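A.B. asks: One letter stands for each residue in the lines below.
Protein chains: 2
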Amino acid sequence: MVTPPSIPRATVARLALYLHYLSELGDVRPSVSSEDIGAATNVNAAKVRKDLSYLGPGGTRGVGYAVAPLRRRITRALGLTKDLSVAIVGAGNLGSALARYPGFSQRGFTVAALFDIDPAKVGRRIGGHRVSHLDDLDAIAASIFVAIIATPADVAQSVADRLAAAGVGAILNFAPTLLKTARNVVVRNVDLSTELQILTYHAAQGSKSGVAENLGSAEDKQPQVGS
Amino acid sequence: MVTPPSIPRATVARLALYLHYLSELGDVRPSVSSEDIGAATNVNAAKVRKDLSYLGPGGTRGVGYAVAPLRRRITRALGLTKDLSVAIVGAGNLGSALARYPGFSQRGFTVAALFDIDPAKVGRRIGGHRVSHLDDLDAIAASIFVAIIATPADVAQSVADRLAAAGVGAILNFAPTLLKTARNVVVRNVDLSTELQILTYHAAQGSKSGVAENLGSAEDKQPQVGS
DNA sequence: TAGATTGTTAATCGATTAACAATC
DNA sequence: TAGATTGTTAATCGATTAACAATC
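So the protein sequences, as listed, match chains A and B.
Quick note: the first sequence uses the numbering used here, first residue 513, plus one each step.
Quick note: the second sequence uses the numbering used here, first residue 513, plus one each step.
No lab work stands behind these hints: they were computed from the structure.
Keep in mind that a hint or two might mislead.
Since copy identity is lost for identical chains, a pair holds within one copy or between any two.
As the list claims (entries may be wrong) - Here are the simulated DMTMM-like pairs of lysine to aspartate or glutamate, each with C-alpha atoms no more than 20 Å apart in a straight line:
| id | residue 1 | residue 2 |
| --- | --- | --- |
| 1 | K562 | D648 |
| 2 | K562 | D650 |
| 3 | K692 | D673 |
| 4 | K692 | E536 |
| 5 | K633 | E547 |
| 6 | K559 | D647 |
| 7 | K692 | E547 |
| 8 | K633 | D595 |
| 9 | K594 | D666 |
Here the structure is a predicted model, which is why all the values come from computation and not from measurement.
Kindly generate the complete structure, drawing on both the sequences and the hints.
C.D. replies: Below, the structure is given as structure tokens:
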């Protein structure tokens, strides 16, 4: 059995970035160089080549990378070949906004379910999605690939437990809570206030020197290992 | 003049994490150990100590760190001593949700303005905030510390330009666009679809081995250097 | 062929972490 | 004193990047 080459964490995040650029690029140009990609995404060109080399050789020396094939290769490497179903838990301010967010479907994610536990919300339609009661999670969990937690902090852990029990393997958590999850559940946290705090520090520094950065969004990203 | 010790990028993100934990902790316990903090935030205890050492020595051997003073020291190091004003640009789904988000004020950020350019939205109140026209930015820009861009992707760059021209030094960008900004503007990007894509890859890997992570949401985090 | 650009090596840099002396 | 825990060193690990041979 061939061991699939595991792609470094930082590289995965940048591949998603390159893919975004390549999508914007359309098909007006037949090829792009690592220099082009680097300029557009603020990444060193050598790093771009190194990142792309994890997908196996695919460029042409003296020419660059053919745009459409490269897009396909990154798409395949990230596991984005099929449309992926997303469930949103929490139909409050943030959950509702996410349910109406057009960006997900543009990049291959389909909001397949929107959950809440508030009887006043269950049954209503938000952004074309009917709000289901969280108790009905098991019925559709099998078709869900990623769940987004957009609940108040105090129930986020219990929601994560229910999602894990239902077999959901990936969680994007917007609640300001560090989730304790089993090892086979992948969690990414996006804490809006923490983002502002990090920005605050760098802005104070920046007014002295001059920097700018991003993600890891979140990338920078703090660790979250299963318990 | 004393050079202020510059704190490494990854450490800054974790300090925000520790601060969150210390806030949750309240004052029931007089002190915490690096072991305690590490367990709560999923960070190696040695790393916690190293991170905290950037603030100068503050713990007591054999005892740990006094909770309240440590909270104050991190708060000061991150520049969070005063309440900071936030402006939200874009009063659509996401901008409106952010304007109503209670988490900001809980962590010392005040939403001081909400901007849009849609005449149908200007003048309306959303979450207690009156929507102003973006043309009125200059009038209040001086009091703004961070701006959040929650506009469609196609206008995000021009909004960033206007914010920079008005003197706003820090931007949290939710639009799926890599902003080109001057060197003295600090930008952090939170791209929701990219987060899902990164999660997708790790989930596919995770079903083989078993991992879980987070931020740097952002930490991870992709680079974004000023042009 | 000359020019361009990949793919990869190897040097460098920075971040993580085990280990332990210092010390409460 | 014995036990606990910090603060820091030094080893390790992984990520970045300059450099360049390979080659279109």
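A.B. asks: If a hint holds in the structure, say so; if it does not, say that too.
C.D. replies: Structure-based check of all given hints:
For the identical chains of this complex, K562 and D648 are neighbours neither inside a copy (45 Å) nor across copies (46 Å), given an alpha-carbon limit of 20 Å. For the homomeric pair K562 and D650, neither the shortest alpha-carbon distance inside one copy (42 Å) nor that between copies (44 Å) is at most 20 Å. Only within a single protomer do K692 and D673 lie at most 20 Å apart by alpha-carbon distance; the minimum there is 9 Å, versus 41 Å between protomers. In the homo-oligomer, the alpha carbons of K692 and E536 lie at most 20 Å apart only across protomers (16 Å), although the nearest pairing inside one protomer, at 37 Å, exceeds that limit.
Taking identical chains as interchangeable, the C-alpha atoms of K633 and E547 are never at most 20 Å apart, the minima being 50 Å within one chain and 42 Å between chains. Taking the shortest Cα distances, K559 and D647 never come within 20 Å of each other, neither inside one copy (46 Å) nor across copies (40 Å). In this assembly of identical chains, the alpha carbons of K692 and E547 lie at most 20 Å apart only when taken from different copies (17 Å versus 41 Å within one copy). In this homomeric assembly, K633 and D595 never come within 20 Å of each other (Cα to Cα): the closest approach is 27 Å inside a single copy and 34 Å across copies.
Proximity of K594 to D666 under the C-alpha cut-off of 20 Å is found in neither arrangement, the shortest distances being 34 Å within a copy and 27 Å between copies.
Checked against the numbered hints given earlier, the structure breaks hints 1, 2, 5, 6, 8, 9 and satisfies all the rest.
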